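**Student:** Chains as they are written, first to last, in the numbering used here: chain P, 183 to 279; chain Y, 232 to 505; chain F, 2 to 292.
These are computed hints drawn from the structure, not numbers from a lab.
Watch out, some of these pointers could steer you wrong.
[Unchecked claim] Within a straight-line C-alpha distance of at most 20 Å, the following computed PhoX-like cross-link-like pairs (lysine-lysine) qualify: (1) Y:LYS314 <-> F:LYS149; (2) Y:LYS471 <-> Y:LYS439; (3) P:LYS247 <-> P:LYS193; (4) Y:LYS452 <-> Y:LYS270; (5) Y:LYS259 <-> F:LYS266; (6) F:LYS246 <-> F:LYS149.
[Said to hold, decoys possible] Stretch-level coverage of chain F by chain P, calculated; a stretch enters the list once three of its residues show a Cβ under 8 Å from a Cβ in chain P: (7) 38-44; (8) 79-88.
Small disclaimer: the values here were computed from a predicted structure and weren't measured.
All C-beta atoms in this analysis are idealised placements derived from N, C-alpha and C, irrespective of residue type, glycine included.
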Amino acid sequence: MEQIEFNYPAKRKVPKGAHVGVVGSGDLEVLLEPAEGEVAHVSIRTSVDGFLDTWKAVLDRFFTKYDGAVRIQINDAGATPGNVQLRLEQAVEVSER
Amino acid sequence: MSEYTGVRGTVWFHAFTGQSSPMHGDPKSVLTGDASLGKEYARFLCVVPDPHGRFPCARHGEVGLEEAVTLATRVRQVIEHDKNTIKRPIIAIVDVKSQAYGRREETAAIFLAAAAAADAYGSARLAGHPVIALVVGHALSGAFLTHGYQANRILAFDDDGVMIHAMHKEAAARVTRRSVDELEKLGKEIAPMSYHIRDYAKLGLLYKLLHVENPVKPSRKEIRNVQGELVAAIEDARTKPVDLRNRLESTAAREMRKASILVRTKLAAQWLEK
Amino acid sequence: MSNEGYNARFINRQSFIELDARERAKALFDAGTSRELLGPFDRVESPWLAMQGVTPQEDDGCVVMKGKIAGQAAVVVALEGAFQGGSIGEVSGAKMTAALDLACADNEKGIRTSAVILLETGGVRLQEANLGLAVIAELMASILALRKHAPVICLTAGTVGCFGGMSLAAGLASYVVMTREARLGMNGPEVIEQENGVEEFDSSDRALIWAIHGGEQRYATGLADALVGDETPQVANAVRHLVSKGVPPVHRSSQVALYRNRIAKLDTSQQWNPKEFRALWTTNGSDEENR
């Protein structure tokens with residue numbers, strides 16, 4: 183089990199939180215909450231160790247397009263980068279509705 | 232180490248009732264007897280092996296279809312009989328190998344037969360009968376849910392031959408893809424996974440752990456001691472609520488089932504919010 | 002209906018099975034009346050999983066929602082089959098039990114409150130073993146207490162089905178609702194094959210599995226009260242109907258004489274053809290059987 187943290191700069195206040203996904207095999211759940219300040223903080227718990235670089239790559243890419251001030255928690259059970267991306271986008275979509 | 236033999240149930244049933252046979256019309260795998268216990272008259276029930284039973288998958292101490300509906304019948308008999316009078320104690324002597332694993336059992340809905348037995352025990356408890364489970368050997372999974380786990384109070388012998396668990400070690404290892412050794416190691420750190428009765432006792436579900444020198448061949452004195460403990464458990468059950476809250480309110484539970492207690496508190500608070 | 006019409010209807014059907022636990026629970030309520038309790042943001046998760054290298058889910062795979070069904074107060078508890086096979090752990094079990102106990106308390110105050118339990122579960126979560134087993138016993142006790150006041154409806158839609166200790170909870174229910182895809186039984190085919198060999202149960206024989214455990218068989222042998230298509234409005238209607246129906250005069254699990262007699266009459270010298278078994282256990286026990 184690994185716990186990984188990331189911080190990204192943020193500009194925008196976010197209207198509301200969102201929860202998407204299920205911690206099923208190959209899947210993940212994302213909890214997104216509005217945060218104070220100008221930082222987006224990401225906290226990941228994953229049962230698949232050794233993919234720090236992959237997580238960073240996915241999140242770096244995600245945050246080039248997203249500037250919300252949020253706290254994101256991810257509980258992961260071996261999702262592919264594609265699935266992680268999908269769930270993050272779903273969470274954003276729900277929070278912006 | 233703690234191989235199931237199914238001997239203890241028969242021994243203790245006889246110790247309390249002086250009987251060794253099933254009631255008329257019952258399968259040989261269910262012993263039911265009424266006997267005095269302290270100042271009261273109690274019904275004792277026990278599931279034992281019957282190598283010549285009708286169902287091939289329930290011949291070695293498993294709780295199968297016949298066992299479940301017979302337990303249900305004999306417990307309901309007590310509820311009906313005591314409808315307008317003192318609710319006599321019902322003692323489940325537990326030493327069961329497992330539920331019965333068979334195609335016939337699944338076809339004939341063993342899940343329902345098991346529920347019927349649990350219904351009877353639980354309904355007896357709700358009606359005011361002190362229902363006591365005495366685990367003298369093994370209490371596994373669906374078999375324990377059927378016979379014993381609806382009791383007001385659970386007592387167990389503090390002995391290596393006593394085991395309460397959700398699944399046999401070998402099967403559990405297979406399902407969780409670990410070795411038996413790894414499982415045993417995990418059990419040392421994670422009390423709910425342990426196969427040892429002393430670790431089970433830490434969970435706060437037991438009323439009492441009883442020390443018995445020789446659980447397979449108890450002396451008269453030991454039998455009297457255990458009877459005394461049953462009487463104490465009965466008295467305790469009679470003076471307290473009939474639900475299972477004691478399993479969350481014990482000192483040990485307050486330590487080991489913190490998350491359960493938190494869930495109940497938080498849910499109650501949110502239930503009322505609007 | 003024309004072939005085209007049928008295809009369109011099939012494509013447009015809202016599959017209930019494809020919904021996750023949260024969506025399934027919500028779909029059962031009267032529109033706009035439901036709210037979730039102890040949701041993911043309350044972060045009450047399993048204290049036992051992370052230490053074993055298993056990623057926890059913030060709702061521990063159990064969704065509790067309160068609201069109205071058919072205009073009456075109801076609580077829905079839905080197990081998430083995709084998380085640890087819907088298995089019961091300390092927290093998910095506590096949520097279920099607490100929800101039913103609160104519903105029972107409301108009934109005692111005069112607010113009739115039913116419970117619907119969505120069962121997609123293999124039974125006890127082995128990573129929490131004895132706490133899982135214990136809480137199932139407690140859930141069974143809670144069902145027995147609640148069902149005196151208001152119906153406890155168990156719904157299994159698939160794809161996990163309802164197995165293990167939780168099948169006893171289904172056995173205690175006031176009503177059982179199943180789809181054809183769903184399965185209900187104490188022991189799954191793999192477990193039976195492991196314990197008693199492939200002759201006893203060939204777990205690769207899918208037809209056999211559904212012939213014994215499937216919704217249609219359970220309905221045809223009187224073990225389920227409703228068989229519904231995998232369509233959300235159908236499922237919701239069936240649940241609404243049963244909530245309105247109220248507590249049955251006798252619960253199935255209390256019909257001991259009926260089942261004792263049926264089991265006594267079985268010829269155990271051979272395995273049974275499940276289709277032929279339906280003739281033995283018709284939906285309504287005759288007076289003869291009830292004696």
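**Student:** None of the hints should be skipped; say for each whether it holds.
**Tutor:** Here is what the structure says about each hint:
A threshold of 20 Å between alpha carbons decides the hint, and for LYS314 of chain Y with LYS149 of chain F the separation of about 17 Å falls inside it, so the pair holds. As the CA atoms of LYS471 of chain Y and LYS439 of chain Y are separated by approximately 16 Å, the hinted pair is consistent with the 20 Å bound. A distance of roughly 12 Å separates the Cα atoms of LYS247 of chain P and LYS193 of chain P; the hinted pair therefore holds under the 20 Å criterion. Note on LYS452 of chain Y and LYS270 of chain Y: the hinted pairing holds, with a Cα-Cα distance of about 18 Å set against a maximum of 20 Å.
Only pairs whose Cα atoms come within 20 Å are accepted, and LYS259 of chain Y paired with LYS266 of chain F is accepted, the gap being roughly 17 Å. For the given pair, LYS246 of chain F sits about 14 Å from LYS149 of chain F by alpha-carbon distance, which is consistent with the 20 Å threshold. Residues of the segment 38-44 of chain F with a Cβ under 8 Å from some Cβ of chain P number 3, which satisfies the need for three, so the listed coverage holds. A count of 3 residues in the segment 79-88 of chain F with a Cβ less than 8 Å from any Cβ of chain P is obtained; the coverage claim is therefore met, three being the minimum.
Consistency note: the structure conflicts with none of the earlier hints.
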